[in-house]
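Peer 1: These are the residues of each chain, in order.
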Amino acid sequence: MTEESTRQITFKVQRYDPEQDNTPHFQEFIVPSSRGMTVLDGLLYIKENLDSSLAFRTSCRMSICGSCAMFVNCYPHLACHTQIEELHADKLTIKSLPNLPTIKDLVPSLDPLFKNHKLIKPYIIRRDTEEMENPTAEFGQLPQALNTFLQFSYCIKCGICVAACPTSASDKLFLGPQAMAQCYHYCADSRDEGELERFPVVGSEHGVWHCHLAGACSEACPKGVDPALAIQLLKRRLTSQALRLGKKQPPASLLPLPTKTKDKIPFPEFTAKGTR
Amino acid sequence: MRNTYLWILQLVTGVLIAVFLGIHMVIQHLDAILDFFGVNVTEPTSWASMIDRASQGIWVGLYIALLAVGLYHGANGLRNIILESTPSARTGRIVTWLIAAFGIIFFIGGTYVPVSLLVS
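Protein chains in written order, with the working numbering: chain A, 1 to 276; chain B, 1 to 120.
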């Protein structure tokens with residue numbers, strides 16, 4: 001790193017050890033930052049050179065795993081996906097994700113997120129249980145049907161949408177944008193028949209009807225998923241179901257098994273006849 | 001699905017309030033508009049005019065309907081705001097029943113006078 005291209009950035013990092021501290025406090029570190037360096041690179045620099053006791057989650061370093069979600073300068077980001085330069089600040093205040101309990105330092109507990117995620121049964125539900133348990137073939141799905149929910153399948157469960165959501169901040173029992181977007185994802189899947197099992201969960205007092213429609217979840221999502229849209233579409237499905245409106249499409253049927261293909265061209269006989 | 005029905009009703013009552021309140025405003029407070037359309041309402045806010053309307057079933061019906069939809073819309077809205085900060089489902093149920101009880105009491109109180117006037 002040359003001196004011209006290096007800036008000294010102050011990392012004001014939240015420290016919290018539940019075994020020693022009653023409340024979180026902050027600790028400052030000076031980190032040399034160069035062009036292209038991410039917030040995660042800065043935290044790794046601190047861990048390797050300044051304080052090895054700093055706790056944070058990280059894995060893929062390419063915004064696929066969703067481990068390094070944290071609150072950087074009062075906004076939830078993936079640390080590996082956020083360059084220090086783009087924040088235009090000499091001081092970065094880094095905290096654990098809000099609306100989720102903190103385990104240690106910058107490590108949030110994702111238990112509430114996954115608890116709500118499980119509640120909405122995030123898997124294909126079919127009435128033909130025999131086929132589900134002992135599958136014989138694939139369910140057919142057209143590309144148009146796939147496009148109705150494809151963007152919601154990009155969710156990496158990082159918790160950023162929950163951290164950004166103002167309703168999650170005020171209502172501790174709120175299901176959260178992540179779970180509701182995943183609920184829409186599976187309800188909109190043409191292979192699924194589990195709508196009626198999920199609707200009592202999302203149609204509850206702390207479900208879709210409590211969304212303030214702030215859109216903060218969609219704005220913050222690092223993967224471009226639009227949970228606010230999913231919640232609105234889920235409201236439409238709930239209303240249609242309650243008023244018995246709209247025509248119910250039959251679920252995708254099984255694709256026929258591949259027909260027997262022609263016999264393969266026989267493997268050439270390499271063995272010379274004379275050698276037998 | 002109970003909350004879905006409650007929310008659908010919240011939207012329907014919102015529209016009905018706009019209609020009923022619109023009729024009320026035009027008749028009571030915006031009589032200049034009626035004048036423009038050639039309808040002459042003489043002193044709509046006077047005591048005599050009010051008692052005259054209270055003796056007509058259609059007006060009593062309209063005001064009772066306005067009271068019902070307004071009470072439902074307000075009470076359910078208040079319930080949703082309070083439920084957001086209730087820590088448990090049990091507290092939520094208590095809030096719901098309390099608000100429902102207050103709504104019924106206010107409805108009975110609000111309808112007693114016009115109904116008794118209509119009957120007498």
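To be clear, the hints were calculated from the coordinates, so they are not data collected in a lab.
Note that the structure is a prediction, hence the values are computed from the model and not measured.
Cβ coordinates follow ideal geometry from the N, Cα and C atoms, glycine included.
A couple of the hints might just be wrong.
[Stated by the list, open to error] Coverage of chain A stretches by chain B, computed from C-beta distances (three or more under 8 angstroms per stretch; other residues unrestricted):
1. 125-133
2. 241-250
[Claimed, not checked] Across the chosen pairs, the derived CB separations fall in these ranges:
3. A/K91 x B/A65: 58 to 66 angstroms
4. A/S170 x B/R93: 40 to 48 angstroms
5. B/L98 x A/S109: 32 to 40 angstroms
6. A/E130 x B/L11: 15 to 23 angstroms
7. A/K248 x B/G14: 42 to 50 angstroms
8. A/T136 x B/A65: 53 to 61 angstroms
9. B/Y112 x A/P18: 57 to 65 angstroms
10. A/R127 x B/A65: 41 to 49 angstroms
11. A/A89 x B/G14: 17 to 25 angstroms
12. A/E85 x B/L21: 50 to 58 angstroms
Peer 1: So, for every hint listed, does it hold in this structure?
Peer 2: Hint check:
With 0 residues bearing a CB less than 8 angstroms from a CB of chain B, the stretch 125-133 of chain A misses the requirement of three and the coverage assertion fails. Given a C-beta distance limit of less than 8 angstroms, the hint that chain B covers the stretch 241-250 of chain A holds, as 3 residues qualify and 3 suffice. At about 60 angstroms, the beta-carbon gap between A/K91 and B/A65 stays in the expected band of 58 to 66 angstroms. Between A/S170 and B/R93, the C-beta spacing of about 20 angstroms breaks the proposed range 40 to 48 angstroms.
Our hint of 32 to 40 angstroms for B/L98 and A/S109 holds, since their Cβ atoms are close to 34 angstroms apart. Under the hint 15 to 23 angstroms, the C-beta atoms of A/E130 and B/L11, about 42 angstroms apart, miss the expected range. Range check, A/K248 to B/G14: about 28 angstroms between beta-carbon atoms, so the 42 to 50 angstroms window is missed. With their beta carbons about 58 angstroms apart, A/T136 and B/A65 fall inside the hinted range of 53 to 61 angstroms.
The supplied range of 57 to 65 angstroms is met by B/Y112 and A/P18, whose beta-carbon atoms lie about 59 angstroms from each other. Between A/R127 and B/A65 the Cβ separation comes to about 44 angstroms, which falls inside the hinted range of 41 to 49 angstroms. A hinted range of 17 to 25 angstroms for the beta carbons of A/A89 and B/G14 is inconsistent with their spacing of about 44 angstroms. Checked against the given bound of 50 to 58 angstroms, the beta carbons of A/E85 and B/L21, roughly 55 angstroms apart, stay inside it.
Violated hints for the displayed structure, listed by number in ascending order: 1, 4, 6, 7, 11.
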